[in-house]
Every structure is written in structure tokens, then in C-alpha cells.
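Trainee: Residue strings, one per chain:
Protein chains: 2
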Amino acid sequence: MEDKYNLLKEHIGKVVTLTDEEFACVSACFIYKNYRKSDRIFKEGENVKYIYFVLSGLLKLYYTDENIKEHIVSFAMEDWWETDVSAFYTNANASFTLACLEDTELLCLSLENFDRLCNHLQKMERFFLRKSIAGHIGSQQRILSFLTSGAKERYEQLIARNPALVQRIPKLLLASYLGVSRETLSRLFS
Amino acid sequence: MEDKYNLLKEHIGKVVTLTDEEFACVSACFIYKNYRKSDRIFKEGENVKYIYFVLSGLLKLYYTDENIKEHIVSFAMEDWWETDVSAFYTNANASFTLACLEDTELLCLSLENFDRLCNHLQKMERFFLRKSIAGHIGSQQRILSFLTSGAKERYEQLIARNPALVQRIPKLLLASYLGVSRETLSRLFS
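Keeping their order, the protein sequence lines are chains A and B.
UniProt numbering applies: residue 1 is where the first sequence begins, and numbers increase by one.
UniProt numbering applies: residue 1 is where the second sequence begins, and numbers increase by one.
I should point out that these hints are in silico values taken from the structure, not numbers from a laboratory.
Here the structure is a predicted model, which is why all the values come from computation and not from measurement.
Heads up, a few of these hints could be off.
Repeated chains share a single entry, so a pair holds when one copy, or any two copies, can fit it.
[Said to hold, decoys possible] Simulated crosslink set (BS3-like; lysine-lysine; CA at most 30 Å straight-line): (1) K123 - K49; (2) K43 - K4; (3) K14 - K131; (4) K33 - K152; (5) K9 - K152; (6) K4 - K14; (7) K171 - K123; (8) K14 - K69.
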């Protein structure tokens with residue numbers, strides 16, 4: 001278990017340097033949970049209790065339209081944060097569903113503990129500011145991908161930003177994320 | 001001019017309370033600029049020097065596709081912040097263009113001064129964390145609007161979140177934002 005928290009410590013350490021005592025306060029605010037492939041962490045319409053730091057595995061955040069078609073908003077793998085941000089921060093019901101594409105281990109932070117960390121540790125407020133900016137950038141780039149008409153350009157944008165992710169995601173889901181057919185994706189890959 | 005900065009002071013005061021001395025430090029970090037209707041503040045491919053706080057007027061942030069068609073990412077009016085966040089925070093070239101739909105007055109904050117404020121005033125770091133989370137929420141909600149297939153649902157989402165904005169935006173642009181024809185929009189309005 002200590003190993004698990006080391007991943008979080010290294011991750012935070014890229015932005016701010018915490019003492020062992022400070023990190024003990026931080027790690028005490030997280031809950032460890034593990035899920036199996038295909039598990040749903042929260043569903044559209046539900047309460048979203050946590051923001052999730054991915055220790056291992058792979059997540060997809062998606063929207064289900066009225067024809068029960070899934071539209072992928074984002075993927076998240078090790079060292080990434082994920083949640084339905086609107087639902088989490090404003091106590092609204094989830095617009096999206098978060099599900100596991102692989103067996104997944106998460107560290108879960110409640111809004112109460114998020115606020116507690118920000119109030120008690122200035123360094124964590126700085127850390128979350130950096131992560132929040134990164135999340136905002138990621139979402140604006142996802143908007144760009146919806147607007148970019150060329151499949152090749154969308155694919156190249158994704159590869160440039162997240163090469164490791166592209167290798168990891170099942171091809172059918174990658175095609176769905178990019179809004180192309182499986183055949184078009186194969187052509188782009190080659 | 002002092003009046004202008006009062007708007008910023010009130011805006012920040014909704015999140016954190018600054019002393020007059022602290023606010024003097026903050027306001028010294030901003031540059032005032034005014035633009036005429038139809039002016040472009042930055043264009044796709046350009047450097048993005050500032051994040052903008054809108055004092056008066058109305059902005060549109062948009063992407064131009066290969067057929068020179070404009071796709072609206074977001075609008076911003078008084079009391080809102082706007083920029084191409086990826087370009088601003090990472091010193092990349094803009095993917096979007098920011099233009100004025102009305103005569104517009106802005107307070108402009110450079111990345112250098114953003115960092116300076118975060119480093120010198122913990123309260124401003126807290127303020128920017130709240131604004132960054134709000135920006136992230138706004139972008140994830142915009143993603144939702146792209147994925148929501150029903151025009152009526154998209155319209156209702158926008159009305160629920162930003163009633164004042166809906167009244168203010170020219171109908172043709174509102175239709176473009178919602179991805180519907182002008183006729184469909186008129187039907188929704190009635």
C-alpha cells in the first residue's frame with residue numbers, strides 16, 4: 001500500500017516539494033479503491049463523490065446519447081486525474097459515466113478533503129491550481145478535436161499530446177474518440 | 001480608470017478579501033486595453049500574451065476550419081475571463097481566434113504577472129484556482145453541448161447556465177454556437 005502512495009508523492013513532487021509530515025497529511029485525505037475491467041465508477045445521473053488519481057489501469061469518461069450511443073469525452077491512465085468536474089465541484093448529478101477499460105487502482109479525494117488540503121497546505125493549493133489549468137487545457141483541446149474536420153489532423157493532435165495513450169487504447173475506442181470508422185483509423189495508423 | 005479596477009476588485013472579492021494594499025499590487029499587474037466591435041484580439045497561429053478579464057463588451061473565441069467556417073468555442077462578457085488557455089499557459093501558438101462582438105474593454109494579465117501574483121499573494125493563488133476550476137467546468141460543459149444531440153436540450157443547457165448571455169448574443173451566432181439553423185433557433189425561442 002505504501003508503494004501506491006509513493007506514486008502520488010512522486011506525482012505531486014513534480015510540482016511542489018512536500019516534507020514527509022506534509023505528505024502524511026495529504027495521503028490521509030485519499031481513499032484507495034480498486035476496480036475490475038468494465039466496472040463503472042459512477043454513472044450519468046449519480047452523485048460524484050470523488051476526484052480520482054489513477055494509480056494503474058485505464059478509464060474512459062463518456063456521454064450516452066438518447067440512442068444509447070457512447071461518446072467518449074476523455075481517457076485517463078496512470079498519473080492522470082479524472083472526474084466529471086461539474087458534478088464533482090458543484091454537487092450536481094453526473095452528465096457522464098466513468099468506467100474502467102482495464103483493472104484499475106485509484107486514489108479518491110472527496111471535495112471536503114480537497115478543500116481541507118487547500119486550506120491547510122498552501123503547496124497543495126498551488127499543486128491543484130497547476131492540475132486544474134492542465135485539466136482546462138485538456139478540455140479546450142478536446143473541444144478543438146471536435147471542431148477539427150480532418151480525421152488525420154485529429155489523429156496527429158492526439159499522437160502529439162499523448163503518444164503513450166494512443167498505444168494503449170483499444171482501436172475501436174480510439175476510432176470512437178476520433179469520430180472515425182475503424183477502417184479510417186487503420187489507414188491513419190499505417 | 002479607477003472605476004474600471006473597481007470591477008476587478010469586486011470580482012476578486014467574491015472569492016477572497018484583499019486589503020487596499022494587496023489590491024494595489026494586483027491591479028498594477030494588469031494592463032487596460034479597449035477594442036472596437038469586430039476587432040480581433042489574437043488570431044489563430046499567433047502568440048497569446050494575456051489572459052483577459054472582460055470589463056465591458058462581448059467576446060467570441062472561435063476556430064476556423066479548412067473551409068473557412070467559424071466554429072464558436074465560447075462567448076465571454078463582463079466579469080468573465082477568456083483566452084486560448086493552451087496557447088497562453090504553454091506558450092504555444094493559438095488554435096483559436098478571439099474577437100469582439102461589441103466595443104470591449106479588457107484588463108490583460110500576462111503569464112509572468114500571473115505567476116508573480118500566485119507567488120506573492122496566496123489569496124490570488126486561491127482566486128485563480130477557483131477561476132481555473134470554473135473554466136474547466138465550462139469547457140467540459142461545452143464538450144457536453146457538442147455531444148448532446150437534441151437542439152432543444154442544448155438550448156436549455158445554455159439558458160440554464162447563462163440566461164444573461166443568451167439575451168445578449170446575436171441570434172445568428174447563437175444558432176452557430178448551438179449548431180442549429182436560424183429557423184430552428186426561432187422555434188426554440190418561441
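Trainee: Now tell me if each hint is right for this structure.
Mentor: So, going through the hints one by one against the coordinates:
1. K123 - K49: Both: 23 Å inside a copy, 26 Å across copies.
2. K43 - K4: within (26 Å within a copy, 45 Å between copies)
3. K14 - K131: Both: 11 Å inside a copy, 23 Å across copies.
4. K33 - K152: Result: close neither inside a copy nor across copies, 38 Å intra and 39 Å inter.
5. K9 - K152: Result: close neither inside a copy nor across copies, 37 Å intra and 46 Å inter.
6. K4 - K14: within (16 Å within a copy, 38 Å between copies)
7. K171 - K123: Neither way: K171 and K123 sit 39 Å apart in one copy and 45 Å across, limit 30 Å.
8. K14 - K69: neither (38 Å within a copy, 41 Å between copies)
Checked against the numbered hints given earlier, this structure breaks hints 4, 5, 7, 8; the rest are met.
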